[in-house]
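Chemist: Chain by chain, the residues:
There are 2 protein chains.
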Amino acid sequence: MSQTNGEYKYLGKPRPLVEGRQKVMGRAQYVSDIQLPRMLYARPLLSPYAHAKITEIDKSEAETIEGVVAVLTAEDLPTHDRVITSRTSSILAKGETLWVGQPVAVVVAESDAIATDALEMVFIDYDPLPAVVDMDEAIKPDSPQIWPHGLPKEEMDMASLHGEVVKGDEEDEKEKFNNVHAENHFSYGDLDAAWAAADVVIERSYRTNMVHQGYMEPHAAIADPDPLGDGLTLYSSTQGQHQVRSDVARQMRLPEHKVIVKPMTVGGGFGAKYGIYDPLAAAVALTVGQPVRLQLSRSEDFLSTMPAPAMRVQLKTGVTKEGKLTAMQARVFTDNGAFSFNHGGLMATLMGSTYKWDAVQISTYEIYTHKPPVGAYRAPGAPQAAFAVEGNMDAMGRELGVDRLDFRLKNAVTDGDKTGTGRPMPNNLGLRQCLEAAKAHPLWQNSKNGDGVGLAVGAWPTFMEAAEAICRVDTDGRVRVNVGSVDISGVNSSFVLVAAEILGVSPDDVDIIQDDTTGAYGPGSGGSKVAYSVSGAVRDAANQVKQQLLEAAAEEFEAAADDVVIEEGEAFVRGVPDRKVGIGQLVRKARRTAGPGPVAAEGKASPPEAGAAFAVQLVKLSIDEVTGMIKADQLVTIQDVGFALNPMMVEGQIMGGAIQSLSMGLYEAMVYDEDGQLLSGSFMDYALPRIDNSPTLDTIMIENHSPHGPFGMRGIGEPPISAAAAAVTSAILDLTGVQMQEIPVRPEALWQAINQ
Amino acid sequence: MSQTNGEYKYLGKPRPLVEGRQKVMGRAQYVSDIQLPRMLYARPLLSPYAHAKITEIDKSEAETIEGVVAVLTAEDLPTHDRVITSRTSSILAKGETLWVGQPVAVVVAESDAIATDALEMVFIDYDPLPAVVDMDEAIKPDSPQIWPHGLPKEEMDMASLHGEVVKGDEEDEKEKFNNVHAENHFSYGDLDAAWAAADVVIERSYRTNMVHQGYMEPHAAIADPDPLGDGLTLYSSTQGQHQVRSDVARQMRLPEHKVIVKPMTVGGGFGAKYGIYDPLAAAVALTVGQPVRLQLSRSEDFLSTMPAPAMRVQLKTGVTKEGKLTAMQARVFTDNGAFSFNHGGLMATLMGSTYKWDAVQISTYEIYTHKPPVGAYRAPGAPQAAFAVEGNMDAMGRELGVDRLDFRLKNAVTDGDKTGTGRPMPNNLGLRQCLEAAKAHPLWQNSKNGDGVGLAVGAWPTFMEAAEAICRVDTDGRVRVNVGSVDISGVNSSFVLVAAEILGVSPDDVDIIQDDTTGAYGPGSGGSKVAYSVSGAVRDAANQVKQQLLEAAAEEFEAAADDVVIEEGEAFVRGVPDRKVGIGQLVRKARRTAGPGPVAAEGKASPPEAGAAFAVQLVKLSIDEVTGMIKADQLVTIQDVGFALNPMMVEGQIMGGAIQSLSMGLYEAMVYDEDGQLLSGSFMDYALPRIDNSPTLDTIMIENHSPHGPFGMRGIGEPPISAAAAAVTSAILDLTGVQMQEIPVRPEALWQAINQ
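Sequence lines, in order, name chains X and D.
Counting from 6, one number per residue, gives the positions in the first sequence under the numbering used here.
Counting from 6, one number per residue, gives the positions in the second sequence under the numbering used here.
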């Protein structure tokens with residue numbers, strides 16, 4: 006359901022995915038569809054130990070296999086540093102392995118099958134060492150240190166993929182934990198006074214599990230070395246060709262322009278596809294001097310990529326008896342696995358972004374363990390933050406005996422409020438509208454307490470970046486728009502509407518061309534920033550092109566450009582619709598000698614402020630009290646989308662995100678044993694939701710225009726994953742009176758909690 | 006030698022070919038370097054008869070060969086019309102063949118070798134018919150008609166590839182010839198009065214032979230059908246991706262945007278690479294539904310492509326005893342082979358473009374014969390026009406007893422004069438400067454009549470077209486420029502200087518990217534128009550980008566943009582060179598939130614007037630009087646280049662063109678026997694000049710700025726081929742007193758003429 010805007014012909018009206026036919030017919034070009042002459046196939050050999058010394062690597066037997074080109078170890082590769090960022094964690098281990106799944110060697114062969122077979126013939130002697138798998142163990146003073154001499158400098162904050170880096174104070178003398186690579190402390194307000202004002206104080210400890218992004222297409226890259234220089238071209242399944250380029254260039258010590266990244270169709274990204282294996286593919290290809298494809302199997306992908314971290318959030322909140330929130334104090338522990346990553350700034354931002362507080366103090370701790378390095382997963386931290394904050398809201402609300410929804414409405418952030426870091430929120434926030442819509446929704450209206458309806462609020466700051474687009478009209482009237490962004494969420498199906506709307510052509514006559522890194526610049530597809538940033542550049546380019554067409558038509562008709570109208574790809578003078586000229590014909594004429602020239606323009610955009618977005622999610626559950634099995638019956642997402650450029654795409658994004666969030670609440674976890682072995686490393690063991698355990702989905706798009714988003718839009722990809730996991734435990738609490746403090750809620754845990 | 010301009014740092018200074026290393030190392034990407042998955046190989050089966058009825062085609066045996074996918078004839082292909090333009094003459098013959106070499110069938114196989122073998126197993130029954138091979142026979146009233154029912158409509162004028170179409174009056178009741186598909190009549194001035202004023206009248210008939218463009222790389226194309234739609238992508242060895250696109254789209258009845266042409270590195274074009282075999286490759290690929298490569302052998306290329314036509318020019322000119330030219334009357338007969346083409350407008354333009362005449366009357370006749378269709382060859386018509394006009398100039402000069410050079414100087418065109426069609430010439434003509442430079446040249450100065458020095462003047466109107474370019478700066482300071490033109494002559498090596506000069510970076514830091522037909526629009530590489538048209542677009546885009554950089558730097562330095570200077574890729578405030586910021590860094594900063602955005606711009610150009618160019622060529626010959634063997638000792642080209650953007654490229658172009666022209670005068674001819682069989686169909690028989698029969702080359706670039714050419718430049722690729730062939734016969738006349746009226750001058754013909 007969309008509240009579309011009557012002023013537009015195409016914008017705001019649902020239209021199917023532009024590449025839908027391609028994808029359905031198996032013709033979209035994924036990395037594995039690329040065949041390069043002389044291409045070789047690489048497979049990584051992964052560590053079977055969470056922590057071990059590598060005492061010997063014997064390649065000799067593998068190297069004798071027919072078709073094996075090389076067996077490479079860290080010493081053989083031209084990488085600049087073994088580790089610089091988590092994103093380059095695929096670079097081979099040297100001397101020691103730090104998690105089960107860390108790449109130790111690479112076999113390069115003439116076929117994927119030969120490479121796979123040869124993996125078993127590379128003999129590596131390991132000397133196993135004690136592994137620290139659990140983050141609560143890792144932070145203890147007597148725990149072995151994962152990086153006793155420190156990790157090579159790591160500057161990446163989670164938020165940097167999404168927008169600006171948010172950092173708090175780094176010093177905290179009071180408490181020191183072991184294996185913490187970064188701590189940040191955020192606060193504002195008079196905490197003592199806020200606690201003093203509180204009548205009810207709730208303190209809880211929430212635990213979330215490591216979850217995998219669960220994309221369909223495992224990581225894949227082809228690196229094709231430039232035979233003349235030291236550069237290379239990468240064909241990558243990536244959300245951000247420019248980020249991949251930077252990582253690879255830095256690892257290979259190449260100027261950035263010597264790395265050309267061609268972003269291919271992405272079979273699911275969800276934050277994980279910023280190029281984990283690209284530097285390794287590049288290093289291998291430059292070493293063997295031939296194109297190399299490196300495509301993971303599902304099992305390799307589970308073991309060696311960058312899932313979302315497990316977190317523990319200790320949260321204490323206070324509220325007056327009138328239901329006004331006073332103080333929030335939190336400690337967030339994040340299990341980063343073997344390399345550093347940082348969700349701290351985002352967690353602090355998110356935890357304080359939904360409600361007004363008098364005072365906030367949040368400390369975040371980034372912890373090493375002998376597990377795979379973690380990374381971004383759609384709205385990183387948002388489900389975890391909502392799980393904790395909404396859990397305390399529910400608990401406080403029950404203690405006060407107030408209506409859950411009214412309690413939230415009373416404290417909801419509005420313009421001028423701060424995020425959890427103390428920074429100001431953007432303008433024209435839509436949380437109140439979302440809550441009002443939830444209140445009016447039949448599921449809420451027709452339910453009473455105890456019916457098993459959960460309610461949770463999620464926030465996502467959304468981000469933005471400068472972007473560029475080229476727009477051209479061809480001689481047959483075809484419109485082409487080049488962008489520098491990757492479509493992982495249907496954005497191209499919105500861009501066609503932007504161009505079509507402005508130019509007065511059918512969206513069927515618009516192509517979006519995704520440039521490689523030598524072309525248009527655009528942001529990576531993360532942080533819900535792509536449509537928000539790139540739509541403006543498309544609009545700018547299309548507006549310039551439209552002006553060129555109007556002027557060409559004006560000359561043709563001997564009229565003023567202001568009097569010319571373009572509809573359905575034909576120009577005419579307002580009021581004289583009988584005499585029409587196709588825009589392709591105008592393009593031909595513009596190219597005449599001494600004419601204005603080809604009809605084309607470069608457009609730019611750089612939004613000055615984000616369009617923060619909220620989602621309110623309602624979940625209706627039923628529970629089998631004998632087994633603890635939980636069944637989600639209905640999932641409602643009410644989201645402030647600002648303005649839905651293409652409501653069909655937005656609705657699809659909301660549904661997908663909502664299901665992923667629900668699944669975090671009910672199903673998904675990467676489970677490790679005490680030795681750091683992954684127990685849920687396949688889709689047989691790792692529980693993704695399927696159609697038979699998915700609820701009815703309901704989507705309400707609130708169109709509360711964002712001041713700086715093109716056409717009033719907001720970033721929409723991440724908010725829908727924020728709150729449903731929290732709504733699950735809210736519903737369980739509503740149904741059973743038991744507040745579960747770990748997600749996913751496993752049936753046996755629920756059964757035990759109920760029967761305690 | 007170049008008269009470079011001191012005001013530029015890079016422009017006007019010689020710099021080597023940007024892709025030189027690629028080419029020398031064998032890494033430039035030609036069509037044959039492209040390997041597509043499931044690609045098939047096609048070979049054409051060519052008619053062995055100049056004229057025959059096809060009575061039966063038996064494919065059955067060929068189709069049984071292992072690896073043969075299909076044997077296709079005209080009936081099998083989805084082409085719209087068998088023939089529309091000469092450029093699509095590769096489309097298979099239907100029922101009848103019209104020249105030796107006309108494609109009759111195509112074998113498609115899994116390898117090129119299998120396809121070649123299978124050609125011999127396709128059995129075609131021909132019923133030979135009378136062939137009309139000679140154009141003088143063809144025009145006779147009783148000659149069989151080549152197209153008794155007319156050719157499918159043909160709209161192409163030679164000049165349309167190069168610029169605007171020039172047409173004269175089409176009616177001429179006085180004289181009708183057989184097998185003429187087009188005649189045009191151009192005239193101005195009072196012819197009767199002009200003849201009456203003449204004291205000396207010379208009438209000659211000049212004959213030129215059919216010559217092949219002699220490129221290194223035979224025609225090649227790969228057509229890759231879009232598996233979802235009815236479109237396709239073509240990888241083509243072409244000078245003009247947009248022309249190929251139009252031809253293929255029209256033949257396949259596709260909208261133009263459904264045909265994407267990727268122009269590859271061209272191994273020599275010289276006017277012949279506008280896509281002769283692309284429509285056939287496209288039709289075959291769409292029929293078999295797989296990618297198909299069609300690459301000709303040298304022999305197939307000689308038999309079935311589009312050489313330059315043989316011509317016969319009947320020329321009568323008059324001059325007063327004071328040496329003032331009065332009247333020119335000409336009939337130009339052009340042997341177009343089996344399809345229509347039209348050099349008429351160009352011939353008329355050219356014949357009257359070097360000297361002032363009181364009155365001109367030129368009639369041109371385009372004639373069909375049973376020979377391959379003809380096409381463009383570098384400055385089409387210019388060598389033929391100069392051969393005739395300069396021949397008469399020499400004859401008149403000798404009759405009058407005047408100095409050849411002074412005679413030409415006295416009558417040389419200047420601003421305000423007309424071409425042979427009566428149209429006005431462009432402004433600031435440089436012929437006089439060229440002649441003055443020739444007069445001052447040591448070869449002229451140190452020779453006396455009878456020394457065997459030939460002199461001839463050539464003209465080329467040059468053309469222009471609208472063009473587009475995108476310019477971007479990357480974060481490491483790399484500059485990229487996208488253009489829509491093909492580099493067959495070193496233009497990219499000039500464009501890098503344009504961008505580098507404007508932006509203040511080293512030319513080594515500039516890449517030129519040649520877009521396919523979905524990208525920047527540019528003219529085809531013909532008519533000496535590419536650098537003239539596209540340089541302006543590059544300049545426009547680079548100027549906009551420079552402004553963006555200056556503004557970013559101004560903000561950085563808190564200075565005015567006008568005070569910022571960029572040198573060697575670094576910006577600084579004028580007078581404060583100690584504080585510098587790299588332009589890559591400025592790009593990073595411009596992309597910041599709420600900043601101006603990516604540093605990039607779209608540029609356009611559409612020159613309003615051509616920059617007509619002249620060449621004066623001097624040839625010094627020696628002749629072995631016993632055998633008639635001619636040895637060219639020295640070849641001097643003096644050319645008005647306007648301004649040499651990159652003198653090394655311009656000099657290379659001049660040398661290449663001069664040698665080709667000399668070779669037309671001395672060596673090259675496609676010789677056919679009376680049955681239309683090509684006798685010189687390989688490089689064993691077709692005499693291209695080699696280093697051991699090439700003279701010393703001397704190049705003088707006159708830099709007489711063109712009013713509308715970027716930086717004062719003129720188109721330079723074609724003028725150097727215009728006059729040397731004529732200078733050969735001029736030198737022979739000077740040495741022997743014999744005026745040869747056919748080129749190439751064969752030794753036996755010369756011996757006979759001398760000994761007559």
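Think of the hints as simulated: they come from the structure by calculation, not from any bench.
Watch out, some of these pointers could steer you wrong.
Simulated pairs of lysine-lysine, DSSO-like, Cα-Cα distance not exceeding 27 Å [claimed, not checked]:
#1 X:267 / D:444
#2 X:594 / D:263
#3 D:28 / X:267
#4 D:326 / D:145
#5 D:267 / X:263
The structure displayed is predicted, hence computed values, not measured ones.
Chemist: Does each hint fit the structure? Answer for all of them.
Modeler: Hint check:
A distance of roughly 57 Å separates the Cα atoms of residue 267 (chain X) and residue 444 (chain D); the hinted pair therefore is violated under the 27 Å criterion. Straight-line distance between C-alpha atoms of residue 594 (chain X) and residue 263 (chain D) comes to about 21 Å, which keeps the hinted pair within the 27 Å bound. For the suggested pair residue 28 (chain D) and residue 267 (chain X), the alpha carbons sit about 24 Å apart, so the restraint of at most 27 Å is met. With a C-alpha separation of about 38 Å, the suggested pair residue 326 (chain D) and residue 145 (chain D) falls outside the 27 Å cut-off, and the hint is violated.
Proposed proximity of residue 267 (chain D) and residue 263 (chain X) is supported: the alpha carbons are some 22 Å apart, at most 27 Å.
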